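Colleague: Here the structure of chain A is known, so what remains is to put chains B and C in place on it, guided by the hints.
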Amino acid sequence: MLLLDWILIVVAGWLVLGFAGIGVLRNTAFVARVLFPAGAALGVALAGLALAGLLGTPETAVLALGLPDLPFHLRLDGLSAFFLLVIGAISVGVSVFAAGYFRHGEGTPPGLMCLEYHLFLASMALVVLADDAYAFMVMWETMALSSFFLVTANHRVPAIREAGFLYLLIAHIGAIGILLCFGVLQANTGDYTFANMRAQSLSPLWASVAFLLATLGFGAKAGILPLHVWLPEAHPAAPSPVSALMSAVMLKTAIYGLLRVSFDLLGAQQWWWGVLLLAVGLATALYGVVFSAVQTDMKRLLAYSSIENIGLLFVGIGLGVLFNAYGMKALSALALTAALYHVVGHAFFKSLLFLATGSVLHATGERSLGKLGGLMRRMPWVAWLSLVGVLASSGLPPFSGFVSEWLLLQSFLFTTGLPDSFLNMLVPVLAAGIALVAALAGYTMVKFYGVIFLGQPREPKLADAHPASPLERAGLVWLGAGCVLLGLFPVAAIGLIDPVTRLLVGGGIAETVRANGWLLLSPSSPDRASYSPLVFLGVVSLAVLLAVVLVRKLYHGRLRRAPAWDCGYPAQTARMQDTAEGFGQPIRQIFEPFFRMRRELPSPFDAKPHYRVTIEDHFWHWLYLPVARLTSGIARGVGRLQQGRIAIYLLYSFVTLIVLLLVVKS
Amino acid sequence: MSIVGLFAQLLAILLALALAPLLTGWVNQWRAWLQGRRAPGLLQPYRVLHKLFNKESVVAEHATSIFRVAPYIMFGCMALACGIAPTLSTDLPLAPAADAIALVGLFALARVFISLAAMDIGTSFGTLGARREMLIGFLAEPALLMVLFSASLITQSTSLAMIVETLAHQPFAIYPSLAVAGVAFTMVSLAENARVPVDNPATHLELTMIHEALILEYSGRHLALVEWAASLKLFAYSCIGLALFVPWGVAEAGTPVAILFAIPMLVVKLAVGGVLLALIETINAKMRLFRVPEFLATAFLLAVIALLVHVLLGA
Amino acid sequence: MCCWGPEVNSLLSQSINLFAVVLLVLAFAMIAQRRILTLIHLFTLQGAALAAATLIVGYLTGQHHLYFSAALTFVLKVVLIPILLHRVILRLNVRWDVETLFNIPTTMLIGIVLVIFAFNLAAPIAGLSTSIARGTLGIALACVLLSFLMMIVRAKAVPQVIGFLSMENGLFFAATAATSGMPMIVELGIAFDVLVGILILGVFMFQIREQFDSLDIRHLEKLKED
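Chains as they are written, first to last, in our numbering: chain A, 1 to 666; chain B, 1001 to 1315; chain C, 2001 to 2226.
By construction, these hints were calculated from the structure, which means they are not laboratory data.
These figures come from a predicted structure and were not determined experimentally.
Note that beta-carbon positions come from the ideal geometry of N, C-alpha and C, so glycine has one too.
Treat the hints with care, since some could be wrong.
To be verified - Think about it this way: if two alpha-carbon atoms lie no more than 25 Å apart in a straight line, the pair counts; the simulated DMTMM-like pairs of lysine to aspartate or glutamate are:
(1) B:K1055 / A:D527
(2) B:K1269 / B:E1294
(3) B:K1286 / A:D566
(4) A:K371 / B:E1061
Unchecked claim - Ranges of calculated distance between the beta carbons of each label pair, as one might list FRET restraints:
(5) C:A2071 / B:R1288: 53 to 61 Å
(6) C:L2080 / B:A1285: 26 to 34 Å
(7) A:A199 / C:P2124: 37 to 45 Å
(8) B:Q1044 / A:P593: 30 to 38 Å
To be verified - Examples of chain B residues lying across from chain C (beta carbon under 10 Å, computed):
(9) S1177
(10) P1201
(11) A1202
(12) W1248
Looking at chain A on its own, in the form it has when it is part of the complex (with noise of 0.2 Å):
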């Protein structure tokens, strides 16, 4: 049997499991404790099964399914086998948590919640799998509205509602985006299948409608400016465990997708798309980061960190397109080595954090930074396992996040190569964003883990905060494990990114990187740049240790616990602590022009001072309610149409009848 065989059974559990959901749709104990963990099980199954495919060759497959002369093409190659893998992956961790966070009496019933769930896994593995549009693009409509159902479970919230629609929205618009771009791609041959797509050779200007049109469509879905405006209404609307699935799988999706289309499907590619692929992730980049540094909720915080996130892969793909475009394989398999490197760093370390929130959510009802704090006390496991997702977040290393940024500087260190003095300036530029991206996401990071677990409970109800179950706390353990492994075996990890590079641009890096030892990471020479991130833990951890014993001995280890001293200030309230508002100051006022903001400050002479400060996008008035305003317009001129009488209703046919007839006349 095919190894494509095998994760189409996997799927196919999937979708079993789903759907006997539906059968126990209100015993939340049988979901939580049954359902959920076979589907965890599966994931371990589809992840071993990727990592077969990643190493193997190419398998395709027709399933008879849909309309009677269109067959689902499937394939399985490198590409699509690797994000398998962090599909798999990363579903292990979220099902095992999921099982032990589902409670009774939340919107949706759970065996519902749980057919929706299994159906998102399932299109979302078997969107990778699609070999031709059609197949591609039912897969993608069922992944866009099972995650509109998940996220709408609590719908009796209208802000929630209105938080979906918006998604299904900008969602519907990346797919016309897309069915376009397929359309160009067949080249009027009338066969959908990607076989086809790849043997045209299109000129470039249809070539560049193509690329501009799936840039559209996938950006969409990965929430590129300036599409972004869904994704911090819909992940912190959503269940935790599926903001969880959103951020970290769903979103990559659309990154397969660019990468399939740019690379594989299209042929030659121009250097001006890396431009535009470059400029479009470092804004993208550079906004998420400044709004995520201003949030006052947390999962909004981390929505807006991964519009971050998510610029920083577009910027990786930009420099590996910008680096093929100039036939330079080694240089842009570096840079696409950083991207898909991100893309897994990124899937653990954010799936950690909004799983991590869905916790605090649970113990202490509350969303809101500025109604947290001192958390750690109460929830020890989901802090010190939320610690390793915002160390890796922040790009530190020795963890995951630093991995991937550093390959992507390398990367960027090596454009003075590039025949064209413009580009040659224009990089160090983009490198110096990319920068200040990571150390705005630091900021962020300290910013959000220190106002949630660090300090004082900020209101009373807080002490009763309760732990983990020990199912979330299973299901943090896989994902914090994976951050700390990525970051710790880089040598390992490249060597299952070579056979992506290979297929896509012709060239790896592993080979190289393998050269140079296991403990070693290192692109081109270790004369020329090297990191290795075992040694450098070895060696903090070393003196450390040292630090510790040898205090210890020459001096003593006393310690005594007193109340805080805070400079001899006798009243100390949790009050007093900085907020989330008062922590984002600094960059409400450093990068004032991004953001629209109202603020309403005290006199001094209120008798009830209030403070309130409200940031909006820009992005709101400048597109979004323009094109709103001119929809409804037109609508309302449309509307002038109906009069509620029958007698026009059938004037209106009739004398559309008339001018046919007289069309056809003439």
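Modeller: Frame of chain A, contents of chains B and C only:
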């Protein structure tokens, strides 16, 4: 990896640990002299460390383990930073473990931990210090990275040891991009090491302090480690600055004797650098807090200009 | 002519690049600077760097008339004009005036864009040029644009005058670096123009001050007919 390399590596770290407080003392002494005060002894930082290590540590009641771990992690990071900076020799077994980019990450790691520790207590000053420290960090980090990039572009390597070897071996030439990067580096170092005009290490004035607000709750051995780590950071920055802009007199592989000459050379270079630092601190006034981002943005943009100039002039 | 051996000559020609970059950095520093007094100091430094660069170009190309223009630059831009400006701000009592239209980081970002633009514009020209300091043309152009930017974003008269003078520095440097200097008579003319210009602007500033009790040139908007 050779025995000599291993020896040089150990010597470099131990020398850094031993000399770092001396450098701090030297700068303090010169600052006092330049300001017309009587200076504390050169060994004063050692006495302070000894005193602090002897005292018991008082920890706030609700502090978690992050608070207690952070000083050690900061110390460990700075020790590694001193280990990979080519102070005495470029033949360092640890050098491949972390290049220039990882070095910036190393400083960031220490910063994140100490900021988290400051937030851990949940006092008004602690969180204020953490916020200000991260504010300086997010502008200083990319600026430092860009400075290191301009050296990397000249030498085609991000390994600090390689950068120094290449720069020291080339026939003497003027690199305008390095000159600009040098200015940016000086500005970043002032900010990162909590020096005037960004921060004043000698004050506990609530409205202006940054570094001191962060470590307000520390006492005893924890405070000693933090102070020592701060000295190490100054030492590491000075060594990196010297390595990039005055790369001569550093021993290389296969020349064990050269290490012996490298030590006095380093001491002389550091002594001169320390006097210059004291001079800068004396003739400048501390800035308002919200001028600091402007200051650092200038440093950042200067570093970017250095890169651009390199691309234009090829040097 | 060149009696010092090739190493020294190569160092000298590299130092032209260095001075070019110093000019650029000083132009940036002027944009970032809020205090008028420091602005004048920066301008003086720029003049000194310009004079030194001219001197070196003169030595390397063996064109002796450049020595004279270096001396002229020095006298005019390091001694005479700074003294004049000092007296002006002393008389007007605006030593610590601070005023910008945009915030400074934004201005500097625009500055970076201008630098990239100028470098790109000059890259093909520099490839054709055969004079010693080829890459410097881009830098000179960038200096001119940056000074122009400074004139645009400053709200007070004195910084605008300094921006104008600094722009002239950039132009002068472009002429020196690219074509080894203009004919002597042109240079003398320009120097005289600048001197006269500064005197007229000085008088002008006193007039603004008398009229509006402030040096804010936004007041001049009132002079238009409605």
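Colleague: All hints, please: hold or fail.
Modeller: Against the structure, the hints:
1. B:K1055 / A:D527: violated, 46 Å
2. B:K1269 / B:E1294: With a Cα-Cα distance of about 30 Å, the restraint between B:K1269 and B:E1294 is violated, given a limit of 25 Å.
3. B:K1286 / A:D566: Status holds; Cα separation ~24 Å.
4. A:K371 / B:E1061: holds, 21 Å
5. C:A2071 / B:R1288: 53 to 61 Å: At 42 Å between Cβs, range violated.
6. C:L2080 / B:A1285: 26 to 34 Å: Hint holds: Cβ distance 31 Å, inside 26 to 34 Å.
7. A:A199 / C:P2124: 37 to 45 Å: Once the Cβ atoms are compared, 41 Å apart, the range 37 to 45 Å for C:P2124 and A:A199 holds.
8. B:Q1044 / A:P593: 30 to 38 Å: Violated, since B:Q1044 and A:P593 (Cβ atoms, about 47 Å apart) do not stay within the stated range.
9. S1177: holds, 7 Å
10. P1201: Since the shortest Cβ distance to chain C is 25 Å, the answer is violated.
11. A1202: violated, 25 Å
12. W1248: This hint is violated: B:W1248 lies away from chain C, its Cβ roughly 16 Å from the closest one there, beyond 10 Å.
Checked against the numbered hints listed earlier, the structure breaks hints 1, 2, 5, 8, 10, 11 and 12; every other hint is satisfied.
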